[in-house]
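J.: Here is what each chain is made of, one letter per residue.
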Amino acid sequence: MQINERTEDNIPIVSIVGDIDLESSPKLRAFLKPKSSQKTPRLLLDFAQVTYIDSSGLATLIEYFQAVQGFGGKLALSSLTPRVKNVFEIVRLEQIFSLHPDIPSALAALKA
Amino acid sequence: MSETKHKSPYAVEVRGLSRSFGPRKILADVSFQLKHGEILTIMGGSGCGKSTLLRHIIGSLKPDSGEIYIDGTETTKLDDEEFSKVRKRFGMLFQTGALFNSMTVGENVALPILESSDVAPHIADLVVKLKLELVGLTGFENLKPAQISGGMKKRVAMARALALDPDLLFCDEPTSGLDPVMTSVIDTLTVDLTRKLGMSAIVVTHDMTSAFRIATQMVFLFEGRVVATGTPEEIKANPNPILQQFINGYADGPIPLKLSKDDYLKRLLQS
Chain A
3 MQINERTEDN
13 IPIVSIVGDI
23 DLESSPKLRA
33 FLKPKSSQKT
43 PRLLLDFAQV
53 TYIDSSGLAT
63 LIEYFQAVQG
73 FGGKLALSSL
83 TPRVKNVFEI
93 VRLEQIFSLH
103 PDIPSALAAL
113 KA
Chain B
273 MSETKHKSPY
283 AVEVRGLSRS
293 FGPRKILADV
303 SFQLKHGEIL
313 TIMGGSGCGK
323 STLLRHIIGS
333 LKPDSGEIYI
343 DGTETTKLDD
353 EEFSKVRKRF
363 GMLFQTGALF
373 NSMTVGENVA
383 LPILESSDVA
393 PHIADLVVKL
403 KLELVGLTGF
413 ENLKPAQISG
423 GMKKRVAMAR
433 ALALDPDLLF
443 CDEPTSGLDP
453 VMTSVIDTLT
463 VDLTRKLGMS
473 AIVVTHDMTS
483 AFRIATQMVF
493 LFEGRVVATG
503 TPEEIKANPN
513 PILQQFINGY
523 ADGPIPLKLS
533 KDDYLKRLLQ
543 S
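For the record, the sequence lines run as chains A and B. Per my numbering, the first sequence starts with residue 3, numbered consecutively. Per my numbering, the second sequence starts with residue 273, numbered consecutively.
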C-alpha cells in the first residue's frame with residue numbers, strides 16, 4: 003500500500019494505493035496519528051486506487067473518525083470502487099462516513 | 273477477501289475422497305466443486321459423513337485416498353506448516369462453537385486477529401465490534417460464554433470465524449440452536465458476504481429451509497456417498513427417493529432407522 007499526499011485549497015488530499023489489510027493498515031494508522039494529534043481540520047481520503055479494505059482497515063478509519071469527532075474536524079472519502087463500498091455497507095459504515103463519488107464533491111462537502 | 277487473482281476456477285475441489293475408520297467406511301469416493309463466490313451446502317442425515325468431510329477439507333483429518341484442492345493448491349499433500357498458510361485464508365465455524373470459556377466474547381472474537389498480526393489492541397477491539405454487529409450481538413463483548421445462550425455462542429463463533437475477513441468460510445451446522453429470526457440473520461449474512469464481497473462458503477447443514485435459502489450448489493450425502501449434486505432447483509426436482517425423503521422430512525421412506533422393527537425384535541429376543 004502507498005500513501006500520497008497533496009494539498010488543494012488548504013485541504014490535504016490523501017491518495018491511498020493498493021490493499022488496506024492487516025499488513026498495511028498499521029501504516030495507514032501511523033499516517034493518520036499525526037493528523038489527529040495536529041487536529042487537522044479537514045481531510046480527504048481518496049480511495050480511487052484502493053483495491054481492497056479489510057476490517058482492520060475499517061477499524062483504522064473508525065479510530066481516526068473518533069478522533070475527528072473529538073476535535074470537531076471533518077473527514078471525507080472519495081471514489082470508492084463498488085467492491086470497497088460494499089465492505090463499508092455490509093457493516094453500515096456508509097451511515098457514519100461521508101462517502102463521495104469523486105474528489106470535487108468530497109472537497110465541496112469538506113468546505114461546506 | 274483480498275482482490276487476489278484466483279489460481280483455479282474453484283475455491284474448493286474434492287476428488288474421489290475416501291476415508292474409513294476401522295472397518296467402517298465413512299466417506300466413499302466423494303467428489304464436488306465449489307466455485308468462487310458461491311455457497312455450497314453439504315446435506316445429509318446425522319452420521320452420514322458431513323462433518324468428517326468438512327474436517328478433511330479444513331485439514332484436521334487426512335483421507336485414505338482422494339485429493340482436496342483449495343484454490344488450486346492440493347492441500348492433502350501439504351505438511352502442517354504449509355497448510356497453516358492456506359488456513360489463514362479461511363474461517364471455520366465449528367458445530368459446537370468451540371469458544372474458550374475462560375475468555376470473554378470479545379476476547380474470543382479478537383483471538384484470531386491478535387494471533388495473526390501485530391494489530392493494536394484498540395484496532396482489534398473495533399474489529400470485534402464490527403463482527404459482533406454482523407451477528408446481532410453488539411454490546412455482548414464483555415460477557416463470558418457461560419453467560420449467553422447456545423444460539424448466541426454459535427453467533428459469537430460465527431463472528432470469530434469472520435474475524436480475519438476470510439476468502440473461504442466453512443460452517444458446520446451454523447444455524448442449529450438458533451431461533452428462526454436469527455437463522456435468517458445468519459443466512460442473510462452468509463449470502464451477503466458471498467454476493468457482495470466475493471467470499472466462498474461451504475455450509476454443512478440438515479436445516480433444509482436454511483440450505484435452500486443460501487445455497488447456489490448442493491451436495492447430498494448418504495452413508496458416506498454423494499447421492500445427488502446440483503443447484504437448489506435441480507435438487508428439488510431430483511426424483512431420488514432418499515433425497516426426497518430427506519428434503520421433505522418424511523418419516524417413512526428408504527432412509528432406514530438405526531434398525532428396522534424386525535431387526536430390533538429379533539435382536540431383543542436373541543439369547
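Derived from the structure by calculation, the hints contain no laboratory data. It is possible that part of the hints are untrue.
The calculated lysine to aspartate or glutamate pairs, modelled on DMTMM-like cross-linking and capped at a C-alpha distance of 25 Å, are [said to hold, decoys possible]:
| id | chain 1 | residue 1 | chain 2 | residue 2 |
| --- | --- | --- | --- | --- |
| 1 | A | LYS35 | B | ASP390 |
| 2 | A | LYS87 | B | ASP397 |
| 3 | A | LYS29 | B | GLU339 |
| 4 | A | LYS37 | A | GLU25 |
| 5 | B | LYS357 | A | GLU91 |
| 6 | B | LYS297 | B | GLU354 |
| 7 | B | LYS277 | A | GLU91 |
J.: Hint by hint, note whether the structure agrees.
T.: We went through each hint and held it up to the structure:
no., hint, verdict
1, LYS35(A) <-> ASP390(B), "holds, 17 Å"
2, LYS87(A) <-> ASP397(B), "holds, 22 Å"
3, LYS29(A) <-> GLU339(B), "violated, 40 Å"
4, LYS37(A) <-> GLU25(A), "holds, 21 Å"
5, LYS357(B) <-> GLU91(A), "violated, 29 Å"
6, LYS297(B) <-> GLU354(B), "violated, 28 Å"
7, LYS277(B) <-> GLU91(A), "holds, 24 Å"
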